[in-house]
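**Student:** Listed here are the chains, written in short residue letters.
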Amino acid sequence: MSSPPDFDPSVPIGRGLVLRNPVAVASGTFGFGLEAEAMGQIDHLGAIFSKGTTVEPRPGNRPPRIAETSSGMLNSIGLQNPGVELVAREYAPRWADWPVPVLVNVAGASVEEYVRVVSRLDRLPGVAGFELNISCPNIAHGLDFGTEPGAAARCTAAARAATELPLVVKLSPNVTDIAEIGHAVEDAGADAVSAVNTYLGMKISLRRRRPVLPGAGTAGLSGPAIKPMALAAVARLRRVLTIPILGIGGVASAEDALEYLVAGADAVQVGTANFSDPSASRKVLEGCLEFARSQGLGRWSDLRWRGPEEAGTA
Amino acid sequence: MSSPPDFDPSVPIGRGLVLRNPVAVASGTFGFGLEAEAMGQIDHLGAIFSKGTTVEPRPGNRPPRIAETSSGMLNSIGLQNPGVELVAREYAPRWADWPVPVLVNVAGASVEEYVRVVSRLDRLPGVAGFELNISCPNIAHGLDFGTEPGAAARCTAAARAATELPLVVKLSPNVTDIAEIGHAVEDAGADAVSAVNTYLGMKISLRRRRPVLPGAGTAGLSGPAIKPMALAAVARLRRVLTIPILGIGGVASAEDALEYLVAGADAVQVGTANFSDPSASRKVLEGCLEFARSQGLGRWSDLRWRGPEEAGTA
Amino acid sequence: MTVAQAEAAALGASELERALDLEAECTRLLALEEDLFEVSFWAPEMARRARPGEFAQIWTGPDHLRRPFSFSRADPERGTVSFYIGAVGRVTRRLRRLREGEPVRLLGPLGRGFSLPQEPGRSLLLAGGLGAAPFPLLADWLLGRGEAVVWLNGARSPAQLYPPELLPPGLAARSQVTEDGSLGRAARVTEALPAELSQFHRVYACGPNPMLAALWERLSSGSAAGRLEVSIEAPMGCGFGTCLGCAVPLPSEGAGYALCCRQGPVFPAGSLDWERLRRQPAHLE
Amino acid sequence: MTVAQAEAAALGASELERALDLEAECTRLLALEEDLFEVSFWAPEMARRARPGEFAQIWTGPDHLRRPFSFSRADPERGTVSFYIGAVGRVTRRLRRLREGEPVRLLGPLGRGFSLPQEPGRSLLLAGGLGAAPFPLLADWLLGRGEAVVWLNGARSPAQLYPPELLPPGLAARSQVTEDGSLGRAARVTEALPAELSQFHRVYACGPNPMLAALWERLSSGSAAGRLEVSIEAPMGCGFGTCLGCAVPLPSEGAGYALCCRQGPVFPAGSLDWERLRRQPAHLE
Ligand SMILES: Cc1cc2nc3c(=O)[nH]c(=O)nc-3n(C[C@H](O)[C@H](O)[C@H](O)COP(=O)(O)OP(=O)(O)OC[C@H]3O[C@@H](n4cnc5c(N)ncnc54)[C@H](O)[C@@H]3O)c2cc1C
Ligand SMILES: Cc1cc2nc3c(=O)[nH]c(=O)nc-3n(C[C@H](O)[C@H](O)[C@H](O)COP(=O)(O)OP(=O)(O)OC[C@H]3O[C@@H](n4cnc5c(N)ncnc54)[C@H](O)[C@@H]3O)c2cc1C
Ligand SMILES: Cc1cc2nc3c(=O)[nH]c(=O)nc-3n(C[C@H](O)[C@H](O)[C@H](O)COP(=O)(O)O)c2cc1C
Ligand SMILES: Cc1cc2nc3c(=O)[nH]c(=O)nc-3n(C[C@H](O)[C@H](O)[C@H](O)COP(=O)(O)O)c2cc1C
Ligand code: FES
Ligand code: FES
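Residue numbers (this note's numbering), protein chains in the order written: chain A, 1 to 314; chain Y, 1001 to 1314; chain P, 2001 to 2285; chain F, 3001 to 3285.
Keep in mind that the hints are not guaranteed to be accurate.
What the hints assert, rightly or not - Computed, partial: chain Y to chain P, Cβ under 7 Å:
no.	residue
1	1035
2	1059
3	1063
4	1068
5	1098
6	1099
7	1239
8	1276
Said to hold, decoys possible - Non-contacting residues of chain A with respect to chain F, defined by C-beta distances greater than 10 Å in every case (computed):
no.	residue
9	30
10	35
11	144
12	187
13	240
14	254
15	277
16	296
17	298
18	302
Keep in mind the hints are simulated off the structure, nothing from the lab. Note that this is a predicted model, so its numbers are computed, not measured. Glycine included, each C-beta is placed from N, C-alpha and C at the ideal position.
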């Protein structure tokens, strides 16, 4: 995929890691990249964010695990993953040969668990960096790190101490003020933030008179429905953070991605759209490059909105 | 509209106010009821929640004020309203003749402003109660009362002291834990809560490289897109509150309304759906009554989900 | 007029009283150049009620808000109403694919249309691109009342021009301008105004905000100022006065906003704040 | 098999390698009783690749996730694939309104289908309602390999029964049962099983989970247990193994879940946890 002449589509996201372009794929929507690699569907990507990885293998939540909603979907996968050991031994070596950096999405029930996952993978060839998932709404206590600035900072600082690789922290949108959390993790050493993870939601089965998904019935909402909220979150973060922001939420087209860049993101991650269209991220990238070409962009940040010129209310 | 035999469709929401049925219309989506009354479109309603009313008339935000999103809409009306004085003198006397209770949605920039609106309308014929809008995201400081339990409680307590009429408090969903706020306002004397108001969102114009809506570009997201989140909020509130809950968010059909009753609401408010279909609330009610009949419901609360039977994760 | 006065004035005067909300079948879709088309629906009672400048809210399904379109024709004899539409986005593109017999929901007539002459005289119709939409119906009514009607048809390029062959017969005069000059004079509508504006008893204009603002600038100081009526667009949530979304700025600071759907979409040009209107995005998003 | 082993086993074995993602035009829609229909698409290469029990993900537009449907027929000569579908919700209702020439997107073939005989013998096909969907294609393949095929066709009522006139020619035997008895015997599929199950080399079943669970209860202790293959449904996010949404419970506690889209949708009945499957809503929401 060629870029427009005199246009540098790359995006630095910290510690020397430069994405070739601003289109990545979001954790949990691309597995560990192996399915897509087999299809030849990874070469164009700016980065791959792996499925959330924990110390021990996790079987995940009992089914059903997903349900569709208006312009969105709910998931309660429950961090099904083969555990860090298998990721280290089987997946990382494969990633080492790929032309795309893979950042491992890390989850845990305690600061110590986060650190153990990071330490095990640190400096392994194939692991380009980490994305701390302090915001997964699907496991007990998963929320706490993401909703309290102190806890978010502690988790970030501990991971920071365990690696020299780029450290991205993925923020929860289920908070009163996302900027407060963003600020805390920037101070604690995050190289970038991802915004956002899924929104807490529920689907009800009227026939069964209970939630569709098991247990408490809550799950994470993603897809086009959340884009307006995620854009607002990114714009809010841009006001207070100096580090790069990876915008996430309902990106399905180049326009969506470019809107995130306007709102203040440095790059985007394509999530749910990968499910309905396995080549979504490729189309997003192609459209973005075409836009840059036709608009004669100098760099992506030319697109960025610099804030309101005038007062907010009339 | 006839109810099934032996079925009582009414819903008490506190202080002796009993809605004939659980289908009301949401503040800001039905004006002050006058347009609909002229069309003969109010007789079926359980209640009308008026447009947000402030002490002084407000011209509202500058346009554009609305934008469509995937399965939702953004609004930044900015509480345009004619002020409490006109509501008291011109509207309330008309409401007094209506077969439907009208609750006035109250907004303000300080506790004192809320109290002044409530005091002016208290005991006026035609005013059946109040809904405190402590959650409007569209005016400066509007958010504060709704996002901090202490402030929410103070505002509620002050309004409580100013009226013996039913007092409903409308909660903001833009918080880390809505149950905490709900708890605070129940303790402070709210007779019921409405959940939820709009979610903070933004739409970007790629062509203009800025938000579509003026000022900071943020606005309130409503419509089917938010239903899964609002249902989760209602279910969460049901766990901790004893007072009635009015469920709001994306109700456009009888199924939607009944889902809220399953999740724990006592009644619902139809909002954005009134715009695309002026007879939406009538259809919602008819469908609910038909469902009650066909399912042989004893009362609406038979529908309510009582919580997970088993552990949340497998 | 203050906000409070405006609200009071509106008391009880509901536009919805005369609106119909019905399912109407497509009777004809005339595809025109580029993405323009004229679509007609079977809605006899609405065809009888529709007045020039009024609009209907069209709904093609539960997944979107209704969309406003001016009546471009209303034929009580055939029982049809028609709309002249540009396929610019989701719903208009869906409308363009309508087939005969397929239904949509129509809510209308809504809004306040053009004021019509008590006694015949001369009218000037200034159409910018899609702004021509309400004029076939307006011309019908004017001509029916014995008015002499001059139609100035403008657009950026011929493909965006209201099709000359669809112009109503019986016009006193018609002229075409395109900005690129490939059809008619190379000019903007505002540059091609007849020299003697004072001869017109009424001037009606509809088109992009910048065109209308430029027009007002030209006319505001002259004798035609009080005779100019414009049809304005604003994004609409409901179309019938309850969402307060369709605010149109009024000139004096305290006056606030008018509702496009209820006090408009047709306004006397002098009643609006052109300074603020001009700054508003020409093409809304 | 532990979770980790399962993951390791799947390494590199991507189902997507042989899947096509293409736009395909509807060539025929056969409306059947009630809300059932058979719809065919022009997709020659997919028709060549499709094996019995495999499925495709259909996409009708950007506003929903894809939906999985088993191939009911695949005709490499005509270049078409067909699906037997019940209009139960949003997308299936949209599919039922497809007209000839209208396109959808198809992603497939996906999944692991039925295992096929190395040498001819006797097969029993047990279809419950819509569960008949994969069997026309399966019967084609079996018959083509000289297999003797018995088809037991069941449903709640005749309207839900796979249309007898569409059953493939050449079956060794066929029988129909409906729960209400209005067509064929009044029985559930599980009550109408042939007495001599041991005569069958293979038993294939597809239908609602409670039917399959009841079947497994009947067969699990007998000699046919190891010969039973079932096609299972699970709500799917992607259909190709990345979302982990389509979990199907495996029996032993530590084993966790299989992915319906990748390790299924056809499973040896003995490999699944029927206790948990039975409790899962029969008709997902
Ligand atoms: C009173 C009134 C009368 C109108 N009459 C006509 C008419 O006769 N013929 C006609 O073609 N159009 C008319 N419009 C504009 C028409 O409503 C919009 O073109 C339509 O809503 C676009 O819908 P969409 O889903 O296709 O576009 P969207 O997908 O919603 O948007 C596509 C593009 O159109 C722009 N747009 C959306 N709504 C409006 C709007 N209200 N005004 C201007 N731009 C908009 C968006 O900003 C975007 O750039 C009228 C508008 C009003 C308020
Ligand atoms: C591997 C596989 C093969 C399938 N093959 C066929 C087939 O050949 N023919 C056929 O008609 N159907 C088949 N299904 C089921 C089919 O996918 C669903 O009927 C379809 O997804 C419903 O989509 P909808 O938008 O119409 O319904 P929705 O509006 O999404 O839902 C309507 C109703 O259908 C139920 N439903 C939705 N998805 C499923 C599902 N995956 N399984 C069961 N119920 C569901 C919902 O719970 C709801 O009650 C298959 C499913 C799987 C997993
Ligand atoms: C099925 C599914 C699984 C997910 N798993 C993870 C995960 O393991 N870790 C994580 O940080 N985010 C996870 N997410 C969240 C996504 O990475 C992304 O933040 C979210 O889906 C919003 O983006 P979207 O609207 O583009 O999907 C998951 C999302 C989905 C839909
Ligand atoms: C145009 C518009 C104006 C609104 N104005 C108010 C208001 O004045 N006061 C208030 O409490 N809520 C207001 N709301 C919020 C609604 O009452 C409701 O809480 C929200 O729209 C969610 O419900 P819905 O999805 O059914 O629309 C407004 C919503 C819309 C769309
Ligand atoms: S469009 Fe809702 S008030 Fe005008
Ligand atoms: S449907 Fe996504 S993993 Fe099976």
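**Student:** All the hints need checking, so say for each whether the structure fits it.
**Tutor:** Right, here's what the structure says about each hint:
1. 1035: At about 5 Å, which falls below the 7 Å cut-off, the nearest Cβ of chain P leaves the hint on residue 1035/Y intact, so it holds.
2. 1059: OK, holds: residue 1059/Y within 7 Å of chain P, min 3 Å.
3. 1063: holds, 4 Å
4. 1068: Holds, because the Cβ-Cβ distance from residue 1068/Y to chain P comes to roughly 6 Å (cut-off 7 Å).
5. 1098: violated, 13 Å
6. 1099: It is violated, given that the least Cβ distance between residue 1099/Y and chain P is near 18 Å, above 7 Å.
7. 1239: violated, 32 Å
8. 1276: holds, 5 Å
9. 30: violated, 6 Å
10. 35: violated, 5 Å
11. 144: The assertion about residue 144/A holds, with a minimum of 23 Å to chain F.
12. 187: Answer for residue 187/A: holds, closest chain F Cβ roughly 34 Å.
13. 240: About 33 Å separates residue 240/A from the closest Cβ of chain F, which puts it past 10 Å; holds.
14. 254: Consistent with the label, residue 254/A stays out of reach of chain F, its closest Cβ about 13 Å off (over 10 Å).
15. 277: violated, 7 Å
16. 296: holds, 29 Å
17. 298: holds, 31 Å
18. 302: holds, 28 Å
When each numbered hint is compared with the structure, violations occur for hints 5, 6, 7, 9, 10 and 15.
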